[in-house]
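Enquirer: Take the sequences, apply the hints, and build the full model.
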Amino acid sequence: METFDTIVIGGGPSGSTAAGLLAQAGQKVLVLEKENFPRFHIGESLIPFGNDVLRELDVWNKLERAGFMPKPGAEFTLGNAAGFQHFAFGSSLDSRYAQTFQVERAKFDELLLKNAAEKGATVLHAAKVSAIRIGVHDVAVTYLLAGATHEASARWIVDASGRNSVVGNAMKVPKSDLGMPKRIAVFAHFKNVHRNEGVTAGNITIVRLENGWCWFIPLDDEKTSVGLVQTLGSFKQQGVTPQESFENTIQNNVELKFRLKRAERVGEYHTESDYTFRHHYAAGPRWLLVGDSAGFIDPIFSSGVMVALRSSRAAAMAILRAEAQNRPLSGGEQRAYTRDVKKMTGVFLDMIRMFYDRHAFEVFMGPSPMLDLPRAVMNLVAGNTHLSWSLQWRVWVFYTLCWVQRYVQIAPRLSFEGNTHREPEIHP
Amino acid sequence: MLKVDPESIQEDTPLFGPSGLGLDSLDTLQLVVAIEAAFGTPIKDPEMAKQILRTPGTIRQWVERQQEMEE
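As given, the protein sequences belong to chains A and B, one line each in that order. Take 1 as the starting number for the first sequence in the numbering used here and just add one per residue. Take 1 as the starting number for the second sequence in the numbering used here and just add one per residue.
A portion of the hints provided could be inaccurate.
What the hints assert, rightly or not - Distance ranges between label pairs, derived from CB positions:
id: 1; chain 1: A; residue 1: Asn164; chain 2: B; residue 2: Ala34; range: 34 to 40 Å
id: 2; chain 1: B; residue 1: Ser25; chain 2: A; residue 2: Gln238; range: 36 to 42 Å
id: 3; chain 1: B; residue 1: Asp45; chain 2: A; residue 2: Glu244; range: 52 to 58 Å
id: 4; chain 1: A; residue 1: Trp403; chain 2: B; residue 2: Lys3; range: 18 to 24 Å
id: 5; chain 1: A; residue 1: Asp372; chain 2: B; residue 2: Asp45; range: 31 to 37 Å
id: 6; chain 1: B; residue 1: Ser8; chain 2: A; residue 2: Thr241; range: 27 to 33 Å
Hints in this document: simulated from the structure, not taken from any laboratory. Just so it is clear, the structure is predicted and the values come from calculations on it, not from any experiment. C-beta: ideal position from N, C-alpha, C; glycine also.
Expert: Structural data, given as structure tokens:
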């Protein structure tokens with residue numbers, strides 16, 4: 001049985017971040033990835049507050065060279081093409097956050113994992129974890145590789161297994177659905193999708209529909225990722241396949257039809273159910289949950305990879321601090337890490353609830369030039385989860401306005417009508 | 001008539017309100033008529049009109065979509 005300092009389960013962005021930072025600090029790290037890379041994955045848009053971690057990992061320049069689409073901002077519009085809100089990151093954020101990337105995950109995840117290996121981590125592909133034992137002083141993992149069973153032990157285990165949450169489930173950590181309904185996403189890659197002019201061609205576009213939303217993520221010069229998210233309940237009511245639901249929705253919304261008018265699909269449709277959950281705690285004496293494994297939230301604000309990167313960095317730092325004193329994580333450190341991760345997802349949960357609330361969304365889409373509120377909202381959209389006081393009170397004012405809008409109209413009402421060009425239905 | 005330097009109007013300049021051009025309801029009506037005459041795209045619903053006539057950018061986006069879809 002080989003012995004390591006840290007075993008990381010999963011080779012996605014959170015796994016390769018934790019592995020890369022720990023290996024960089026001189027640790028002996030094992031990464032067990034169950035798939036063979038490259039592989040398809042959903043979650044193709046970054047937000048700027050993940051940039052720092054990418055720079056620390058020395059992959060920022062590699063991303064630039066690899067030709068990933070620069071993402072200068074995010075824009076929001078409606079299915080009926082009436083209404084538009086644009087966030088250009090460079091307009092009010094520090095130059096470090098003026099731009100980030102759209103990333104085809106097959107390429108991005110492979111680049112990050114290779115980077116971790118270059119920093120000295122041992123990376124095993126197609127290695128499936130079959131058993132975990134977590135003790136007070138050490139951990140052990142049994143995994144299957146090429147038909148044979150292997151074992152490895154370490155002092156630390158980082159669970160970057162995504163929504164499977166291998167360690168979270170093994171430790172029976174309680175979880176909550178955070179009161180969010182179950183949603184379903186249908187998505188595919190297309191070419192010849194309508195693009196914005198100039199630098200804004202790299203923006204993510206979110207199209208809000210009455211009962212859901214669509215994403216448009218330009219991945220490179222040709223390919224655009226397009227997806228539809230709706231509640232599972234509303235999808236089931238339609239009595240059609242996910243693909244039919246996608247195609248019908250496109251036809252029924254001017255903005256979507258316009259963008260996809262000349263589009264050709266490249267590759268298959270994928271369907272994924274989005275079950276929001278968050279573990280009540282995210283660390284024990286010798287283990288930490290990072291990224292989706294700690295909790296998965298609605299992808300509307302592209303927070304997934306950013307939270308993966310930042311939580312993994314926090315986990316790596318916690319391990320290195322404790323390791324320097326040759327001890328496990330104290331109760332206080334475990335709670336501090338949990339608080340940190342919950343704060344990251346919590347900021348987005350507030351945003352997600354705002355997005356799905358019709359009246360709050362009207363404030364988000366409306367003009368609010370007073371009190372420098374747009375700058376605060378920009379920070380939220382860019383993924384700043386540790387707000388300074390001057391931003392924090394503005395965010396509170398923004399949410400207060402969202403609440404007031406239910407009773408008093410302060411931002412223009414939004415209509416989802418006037419959408420289609422279908423002939424009026426004839427009732428015999 | 002409004003006294004505004006056309007050069008100062010940007011894609012995201014609000015047409016209404018104190019921080020924008022400060023158009024009034026009569027201007028709105030004239031705009032709706034002018035847009036229909038110029039682009040052949042009628043705005044039928046007053047609520048929709050408010051939404052579409054928020055900035056020059058929102059007008060451009062909506063008109064562009066309507067024209068493209070009529071083809």
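Enquirer: Which hints, by number, does the structure contradict?
Expert: Of the numbered hints, 1, 3, 4, 6 do not hold.
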